[in-house]
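From just these sequences and the hints, can you work out the full model?
So the protein sequences, as listed, match chains L and G.
Under full-length UniProt numbering, the first residue of the first sequence carries the number 1, and numbering increases by one thereafter.
Under full-length UniProt numbering, the first residue of the second sequence carries the number 1, and numbering increases by one thereafter.
FYI, nobody ran anything at the bench for these hints, they're computed from the structure.
Treat the hints loosely; a few may be bogus.
[Unchecked claim] Subject to a maximum C-alpha distance of 35 Å in a straight line, what follows is the list of computed DSBU-like cross-link-like pairs (lysine-lysine):
1) K164(L) - K395(G)
2) K118(L) - K14(G)
3) K395(G) - K130(G)
4) K14(G) - K143(G)
5) K74(L) - K229(G)
6) K79(L) - K395(G)
7) K137(L) - K14(G)
8) K164(L) - K14(G)
9) K86(L) - K392(G)
10) K33(L) - K137(L)
11) K74(L) - K143(G)
12) K86(L) - K395(G)
13) K395(G) - K59(L)
14) K79(L) - K259(G)
15) K392(G) - K340(G)
Being a predicted model, the structure only gives us computed values, none of them experimental.
One letter stands for each residue in the lines below.
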Amino acid sequence: MNTVIDAHNVSKVYNRETVPVYAINNVHLHIEKGEFAALVGPSGSGKTTLLNLIGGLDKPDTGSVFINELDITKLSANKLIDFRLKNIGFVFQSFNLIPVLTAKENVELIMQLQGIEKSVRDVRVQQLFRQIEMSDKMDVRPAQLSGGQQQRVAVARALASRPKFVLADEPTANLDSKSAFNLLDIMTKLNKEEHITFLFSTHDQRVIERARRIITLVDGRIVSDTAAVSTRHEKADV
Amino acid sequence: MIFIMAWRNIWRNKMRSIIIMSSIAIGLFAGISVLALYKGMMKSRIRNVIDSEVGHLQIHNIDFKKDYDPQFILANGAEVLKSVRDIPEVKLAASRSITMGMLATPTGSAGVQINGISPDLEYQLSQLEKKIIQGKPFDPKKKNEIMVGRKLAQKMKLKLRSKLVLTFTDTSGNMVSGAFRVNAIYQSDNAPLDEKNIYVGIGELNTLLGIQNAFHEIVILLKRDADVKKVQQQLQQKFPACQIESWKEISPETDLLVKTVDQYSYIIMFIIMFSLAFGIVNTMLMAILERTREIGMMVALGTNHVRIFLMIFLETIFLTLGGMPVGLFIAWLATAYFNKHGLDLSGMGREMMSSFGFGTMIYPEFPTDKVIGVLLIVAGTAFVSCLLPAIKALKLRPVEALRR
Ligand SMILES: Nc1ncnc2c1ncn2[C@@H]1O[C@H](COP(=O)(O)OP(=O)(O)OP(=O)(O)O)[C@@H](O)[C@H]1O
Ligand SMILES: [Mg+2]
Chain L
1 MNTVIDAHNV SKVYNRETVP VYAINNVHLH IEKGEFAALV GPSGSGKTTL LNLIGGLDKP
61 DTGSVFINEL DITKLSANKL IDFRLKNIGF VFQSFNLIPV LTAKENVELI MQLQGIEKSV
121 RDVRVQQLFR QIEMSDKMDV RPAQLSGGQQ QRVAVARALA SRPKFVLADE PTANLDSKSA
181 FNLLDIMTKL NKEEHITFLF STHDQRVIER ARRIITLVDG RIVSDTAAVS TRHEKADV
Chain G
1 MIFIMAWRNI WRNKMRSIII MSSIAIGLFA GISVLALYKG MMKSRIRNVI DSEVGHLQIH
61 NIDFKKDYDP QFILANGAEV LKSVRDIPEV KLAASRSITM GMLATPTGSA GVQINGISPD
121 LEYQLSQLEK KIIQGKPFDP KKKNEIMVGR KLAQKMKLKL RSKLVLTFTD TSGNMVSGAF
181 RVNAIYQSDN APLDEKNIYV GIGELNTLLG IQNAFHEIVI LLKRDADVKK VQQQLQQKFP
241 ACQIESWKEI SPETDLLVKT VDQYSYIIMF IIMFSLAFGI VNTMLMAILE RTREIGMMVA
301 LGTNHVRIFL MIFLETIFLT LGGMPVGLFI AWLATAYFNK HGLDLSGMGR EMMSSFGFGT
361 MIYPEFPTDK VIGVLLIVAG TAFVSCLLPA IKALKLRPVE ALRR
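Quick look at the structure:
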């Protein structure tokens, strides 16, 4: 089985007592290993909510979320924290990094929390910074990095724990075009070369073009789920 | 890494952290100064008790102190005195004859304790000569001289050369009286004692009492304070028929005072730290509030509650302990200075100080014995202060924290 994410009949309702908002309404979603999928839709359509449910940051009101066949909605709060640490990589929209830690320490922190020993960590950190093309910026604090560089470090951090997949909520929203493409290049490369599974939400047409699968949400429902026509980028690659 | 983060986190808002650390340093300094002052006062009080009031040990006839009846002389006093002087730990031992009586002047009368002393020994034993503020010490050539305390002299309107009459019962129960002339007025650090004790030559008192070559009390001064228990036991074995008391038993209020003040010291420290705790809690709460998103993110990434708690606990500890060395050091410097030069509290009034048995010059002493206790109180404060902020942080739900 190559299914990493299997969301079943998932719903999330806010303000149930007053004016109910069906942020997510009966959603079914399968993501296979190695996918590079974009979650798109207008503002308020439920993208963040769905990612939070899949990432075990929030619990659905109905339905189950299976990650590698484990129903994470049944896990206790503490088990869930541990589960996230070991299985899911997160990239948030902005201010991803801990300001008092250097870029390297930010990435290393996740591995240290996992109990990986120093020598192994060092090798992995070097490798990750090579992959995000920032080997020269390892000892710099986030404040001295550009927004794009910060997001790249966040990607490196998300990968540090060798997660089953990476969830990214609008990772390029605060970036200029050049940085956005740069980040996408790195994500696509990691996806191709290391078969890292990415599920990311976005508004950004430039980003959507790069996705190989586009899942469209409207009012908490999936209205379309299509394999993208191969992009120019991919053509050039082949 | 959590350790590093905690350490760097407290320096994110340098000003705020420095203010908290300084207030802890100042609080600690204030607390320790008070303890040092207390310790200095207690030490000088104990020195007063031992060196100028009761000595280290006293020996009496077992019945004597019940009523101060002069017939209960110390049996074989001379022998006891001799063997006491042979004990190597003993520095000095002197005998006194004591009786309770009435001091009368043409204008009034007062109850007093009449101490018959051997002047030369007494000068060394209770510093009596140094306490003289008017007049001259006993003149061996003159008879019927008497020394009275300043407080009593004031009350009875006695001046140098004033004549007075002492009346008391002798060993056979007859009333006797003798006329004396004031040769000196003394003042010690203990006003209540000054009001009660008057001193005459032991020979003259004994004649009036009708006892020969005997006395009621042996006062012993040791070379070292630490030997009190040991010598007391030794004497008790040797002279089981005598009552042998240490200064703590003779002046239990002093011992009690020292113990009470010890407790007060901790209470004061506790109050200071308790008020500082509010500042610490406030600072930490602000720090948590500012970092809501960051902490939420850490939890989202998989940082468990234990580690979040540890981070906040460490931050509180650093914040609290950061000011500690400085506070301790300043307190140590200040006490070292005043220990050498003395702290003159005469501004508070000599009367007031002496009515409690204290001198006005205080030599504060760094309360080394209490440092551990103080440190525990400080550490406890840090721990208690971190609880509220930590609970606040642990309650953060990552989804909500991340929406900010
Ligand atoms: N904590 C909450 N309480 C109440 N309503 C909420 C809460 N979180 C989200 N919502 C509502 O749920 C719906 C989905 O929100 P969500 O943030 O998932 O949308 P989104 O697609 O991520 O939007 P955007 O593109 O603006 O980020 C919205 O209508 C939003 O107002
Ligand atoms: Mg969103």
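Given the hint that K137(L) pairs with K14(G), test it: the Cα-Cα distance must not exceed 35 Å. Status holds; Cα separation ~26 Å.
For K74(L) and K143(G), compute the direct alpha-carbon distance and say whether it is at most 35 Å. 105 Å, violated
What's the verdict on K164(L) and K395(G), does the C-alpha distance respect the 35 Å limit or exceed it? Since the Cα atoms of K164(L) and K395(G) sit roughly 28 Å apart, the hinted pair holds (cutoff 35 Å).
Hinted pair K395(G) and K130(G), Cα distance within 35 Å: At roughly 70 Å apart (the allowed maximum being 35 Å), K130(G) and K395(G) break the hint.
So if I understand the rule, the pair passes when the alpha-carbon distance is 35 Å or less; does K74(L) with K229(G) pass? Status violated; Cα separation ~71 Å.
Regarding the pair K395(G) and K59(L), is the alpha-carbon distance no greater than 35 Å? Given pair K395(G), K59(L) holds - Cα atoms ~16 Å apart, limit 35 Å.
Hint consistency between K33(L) and K137(L) [alpha-carbon to alpha-carbon, up to 35 Å]: The hint holds at about 31 Å.
Below or equal to 35 Å on CA atoms is what counts here, so check K164(L) against K14(G). 41 Å, violated
Agreement of K86(L) and K395(G) with the hint, judged by alpha carbon distance not exceeding 35 Å: 22 Å, holds
Take a quick look at whether K79(L) and K259(G) sit within 35 Å of each other, Cα to Cα. 53 Å, violated
Regarding the pair K79(L) and K395(G), is the alpha-carbon distance no greater than 35 Å? Holds, at about 16 Å.
For the pair we were handed, K392(G) and K340(G), check the Cα-Cα distance against 35 Å. 49 Å, violated
Hints 3, 4, 5, 8, 11, 14, 15, counting from the list given before, are not met by this structure.
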